[in-house]
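Participant: Now for the letters of each chain:
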Amino acid sequence: MTLLNIGLIGVLGLLGVGFYGLLTSRNLIKVIIALQILAKAAVLALLVAGNASGQIGLGQSVAITVIVADTIVAVIGMALAIQVRRQMHTLDVVELARLRG
Amino acid sequence: MMETSPLFWLIALPLLATPLVYLSGHLAQTVTRRETVNGRVARDVALAALLACWLPFTWAARELAHISAAHTDALTFGWGGLALRLDGLSLLLTVVALGLGTLVAFYSGPYLAADRGQEKYYAMLVAIVGIMIALGCAADLFNLWVWFEAMAVASYLLVAFYHEQPTSLEAGVKYLVQSAVGSILVLLGIGLVLAHTATLDLQEIRAFVATQGALSPMLLAAGALFLIGFGVKVALVPLHTWLPDAHSQAPSGISAMLSGVVIEAGLVALLRSLGPLTAVAGTATAWAVLLACFGVLNMLVGNLLALRQTQVKRMLAYSSLVHVGYMLVGVSVALFTGTAVGAAGGLFHLFNHALMKGLAFLAAGALLYTLHLAVGDHNPLTVNDLAGAARRYPLAALTLSLALLSLGGLPPFAGFMSKWQIFVAGFQAHNGWVAALVIFAALNSVLSLAYYAPLVNSLYRLKSSELVWAGKPMPRTMSVALALLALPVVAIGFWPGLMRWLTEPAGLALMALFGK
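Protein chains in written order, with the working numbering: chain A, 340 to 440; chain B, 255 to 770.
Excised from the complex, chain B in its bound form (with noise of 0.2 Å):
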């Protein structure tokens, strides 16, 4: 039944407002032939657009919990070629999107104030949301792949916004090739899968290769594929090469979303097509320990990266590389002991990332627009910049220290309460090398700070620059918004069960996806 489903109406939301988003932009500004009338009435339809999207949220999350409780896992809808199933992982994912989703499309408006073209911005940050719900819910590789295609497409429009500038551009073509070379390679393994398997669906694949003995060349060679394709929009270490200059030339909105939602999105999708080949039994621990070796490797070329970065949106892009470190050790620890507390600890990372970098991004966004963008300059901001900020911009020093501190996994914030998850659950295992593992990544952990503290040093320490002082004031859009993102970096520090109702049922969906 197609009207009476939450998860309907949660996809076909966004994206039904996706054209009314652009239309009533573009025909607010032919009616009214003003300037700047476009962006002011495309954000409002957009954010109206991503706060009903919330209704269909909380009727999902309801039925999920209600049906969870009659031990099956999933909402399903399907209707044609579409085939998606809303377990707890999607519904993680969903959160992350819409939520920052919403917060980026009520910071953005005095961010673009002056640009051409923001009706088509908001559409496809309307789209993008829509997109990676879909994503997050995906129960067949075809339907994976369709949605991770349509999301890289909706990233590359908004990576290359500043189309007049050449280092935007740059950015966008490097994002663009290496994306789109990603995304055949996923669909020759798709079509791997498809001529040994004789099916597409994860669960029938899974069944099948469950069956097998051994996992045949075929379908090892398929695994490889999505680890590689997949693994661009991750930025596993030696496909990352695209994720500093996107991350770091996109407006700032959408640094924020890139970092904090489409590099997890693509997460999921490569745990997803993975999760059935683990089916075999007996090789779990090889799958670990492959995801594990990307962890170290994303670990410790991210940050020895970030510690010689200048700029500061450039250092927090290699700080993701970080991240996705941290949470491919949680969730190869979940696979290695098969208890669902790693799988936890790596999904509540990922909720904990989105916050965090989501407000490291637009709270540096928010300085770059003061400092920079309002005067029409568009310089990268530098650690330089930013000396003494804090005595002109209070709000949006503090929110970018809270931001980096809890990155830096700091207590008492949220990246601090996560991390810690994570490696509880390594030392559980009782096995030197996941204890090694996990040590190492708190060693990452500690060597972060070398470059978060000096860039909070020099926002409260150094002497106020000239150009701290010549800076526009902050647009109080810009710091309601900050101030609501800091909020949840906190509280969650403080109370770290909050989000329980959340990650529990996501560790589970994952465990049960790797067959645990």
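This is chain A alone, in the form it adopts within the complex (with noise of 0.2 Å):
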């Protein structure tokens, strides 16, 4: 087995439990962080595509770019939390369904 191929199954791994929990979880926090568990698939997936195209500086150059990118996004969306929780008093965003049609 290749250094490729088990990149490649962490990928696909990654992204079904990202997936798993994005639809499963019900609580905002556990939400964020599948959000976060995606964006590491995909930031593993460009490794492993730099790597397979031998551009490794590119694929790395981008990957450090997205955890960047990524850490605002959980940043914010953890404000957004915070605020969620102050406000309506519950984190399950099956109650945050007030805005219809």
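Keep in mind that a hint or two might mislead.
Away from chain B, derived, C-beta distances all over 10 Å, residues of chain A [claimed, not checked]:
no. : residue
1   : T341
2   : L342
3   : N344
4   : I348
5   : G349
6   : G355
7   : V356
8   : Y359
9   : T363
10  : R365
11  : N366
Partner residues are not named here, just some residues of chain B that face chain A (Cβ under 7 Å, in silico) [to be verified]:
no. : residue
12  : F396
13  : E403
14  : A434
15  : L442
16  : L448
So the derived label-pair ranges between C-beta atoms look like this [to be verified]:
no. : chain 1 : residue 1 : chain 2 : residue 2 : range
17  : B       : A306      : A       : Q426      : 36 to 42 Å
18  : B       : T290      : A       : F358      : 42 to 48 Å
19  : B       : G335      : A       : F358      : 26 to 32 Å
20  : A       : R424      : B       : G371      : 18 to 24 Å
21  : B       : A266      : A       : N366      : 39 to 45 Å
No lab work stands behind these hints: they were computed from the structure. A virtual CB, placed ideally from N, CA and C, is assigned to each residue, including glycine.
Take the two lone chains, each set in its own frame, and fit them into one complex as the hints suggest.
Facilitator: Structure representation (structure tokens):
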């Protein structure tokens, strides 16, 4: 089993875990964690892609930028979660359904 | 040469101004210890920064016109990992983002006067304008993704600006989760492209793809991921569910920006990423059919959902879906026929949609402000609230009606002209399916009047409700902003050639993207 194959299995595994978490969790914090797992799958995918194509540097530089960007998204998500908890006294995403139509 | 490139200043100016806007507002409040001074100072600095951006813009436009005469099609700027190209399409997006951004900064003064954290609002507004200009200029997939993500981050903050209102928070959460998943799918697509072609530069990818006999499964999968990932931001129909919430809950100036520029920026990003993949000979028709299918879905579903809305801003948000549909029809006609007429029509509609929808959201926002927000009420503005509003607020009612009739495609307004150009391009294709497609679009345009017309009717013909008479007077700044935006909507309707300098190069740039 080559390094690339292990990487690919890792990407698919992380994607599976991430999407499963995204679809099944009701807690907003867990949803954000699931998003982070998905983002990590993307980071790993970029590293694998860089290695597979021989553009290791390109893949890595994109991956580092992605890490920075998805940290920002996570921070904003957490900030929203704090406000949701303060204003609505719940973190259950199912209860976040006032807007309809 | 960094200092001598107009492209550098066009993007750096708003981005450098962003912290300045925030700090000036923040410092003004700490120093003077007065309540609302932060908003006023931040707005002035933001407005100054956005107005200053028009200088590098005219410089860039002139230089672009100059080099187009020499048959090269783009201004380029590269520095480290930054790779930017300004072509006709970028210029169109720049005009839209900068124009609407400037007006929104001007308009938002009274709208937000009572809110806390205004300096953050203006800082993000200036940032998102700069980011969208850069997004339009992205020359490789990496830049495309970075600017796209930056735009998303800035817009999350703006959507959830009223962070003490549960409905705004809900809209913000829905938007963040859907948009973040979309951007991860785009990244996976970028990974596939990188693994397969060993480059991220859009022109190199196009050159690579053009040598292939057929699109490999990996690139096909990448195309699908781009379509879904960017499609979330463009609100292609099954992915549109965040849009009505986010657009209706954001402050009205931001609704105008989101609906007028952000989804269009998403569309430009989508077309740029898909462009290289259409290079395989003989596949253009398949892509055209795919885009047309999404266009049809968007028009139909958007219209049907808009029909049953009672809240004004929600209705306008659904009508954005319909207008994305028209743009897609224009682009797909262009892809099918290989001529720039349809592309120019679709992009002319993009420009007009920014004007019309921007005007509609700002006018609806002005009425929302005078009737609800000014008295501290965060309930949404419903169609019934507006009964007879024309007697009390003649300018807001007039501009809202102009915008709605233009959105509905009535001559002699801007919306009619761009739809007409798309329809004409469709009939010139001399193909039964394309003709059916544009006839379907025309019928949808008629259908959309079924929700625009009652609103205009209720503004003018119904008896004024008590709510309207109890409303606050309209701030003058808002009236000026509405009048300034209404002017081009009418002027382009009478002289559609006015914007040809912008839309024709944009159409040609789009065709170049598709290799025509």
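Participant: A separate judgement is required for each hint: does it hold in the structure or not?
Facilitator: Hints and how they fare:
1. With a minimum CB-CB distance of about 14 Å to chain B, A/T341 clears the 10 Å threshold, and the non-interface call stands.
2. Annotated as non-interface, A/L342 keeps its C-beta farther than 10 Å from every C-beta of chain B; the closest such distance is 14 Å.
3. No beta-carbon of chain B comes within 10 Å of the beta-carbon of A/N344; the shortest separation is about 13 Å.
4. Look at A/I348: its CB is around 15 Å from the nearest CB on chain B, clear of 10 Å, so calling it non-interface holds up.
5. At the 10 Å boundary, the C-beta of A/G349 stays outside the reach of chain B, the nearest C-beta of that chain being 13 Å off.
6. Separation of A/G355 from chain B is adequate, the least Cβ-Cβ distance of about 13 Å exceeding the 10 Å criterion.
7. With a cut of 10 Å on Cβ distances, A/V356 stays outside the contact zone with chain B, its closest approach being about 13 Å.
8. Residue-level check passed: A/Y359 sits 13 Å from the nearest beta carbon of chain B, beyond 10 Å.
9. Even its closest Cβ contact with chain B, about 14 Å, leaves A/T363 beyond 10 Å, as expected for a residue assigned away from the interface.
10. Distance check on A/R365: its Cβ is at least 13 Å (rounded) from any Cβ of chain B, clearing the 10 Å threshold; non-interface status holds.
11. Distance check on A/N366: its Cβ is at least 12 Å (rounded) from any Cβ of chain B, clearing the 10 Å threshold; non-interface status holds.
12. A least Cβ separation of about 5 Å between B/F396 and chain A falls short of the 7 Å threshold, and the interface hint therefore holds.
13. Because the closest C-beta pair between B/E403 and chain A is about 5 Å apart, less than 7 Å, the hint holds.
14. For the restraint placing B/A434 at the interface with chain A, the shortest Cβ-Cβ distance is roughly 5 Å, inside the 7 Å limit, so the hint holds.
15. The closest approach between the C-beta of B/L442 and any C-beta of chain A is roughly 6 Å, which is under the 7 Å cut-off, so the hint is satisfied.
16. Below 7 Å, beta-carbon pairs count as interface contacts, and B/L448 has one with chain A at about 4 Å; its hint therefore holds.
17. Here the CB-CB span from B/A306 to A/Q426 is close to 38 Å, well matched to the stated 36 to 42 Å.
18. Checked against the hint of 42 to 48 Å, the C-beta distance between B/T290 and A/F358 comes to roughly 46 Å, which is consistent with it.
19. B/G335 and A/F358 have their C-beta atoms about 30 Å apart, which keeps the hinted 26 to 32 Å range intact.
20. The supplied range of 18 to 24 Å is met by A/R424 and B/G371, whose beta-carbon atoms lie about 19 Å from each other.
21. Take B/A266 and A/N366: their Cβ atoms lie about 41 Å apart, and the range 39 to 45 Å holds.
In this structure, none of the earlier numbered hints is contradicted; all agree with it.
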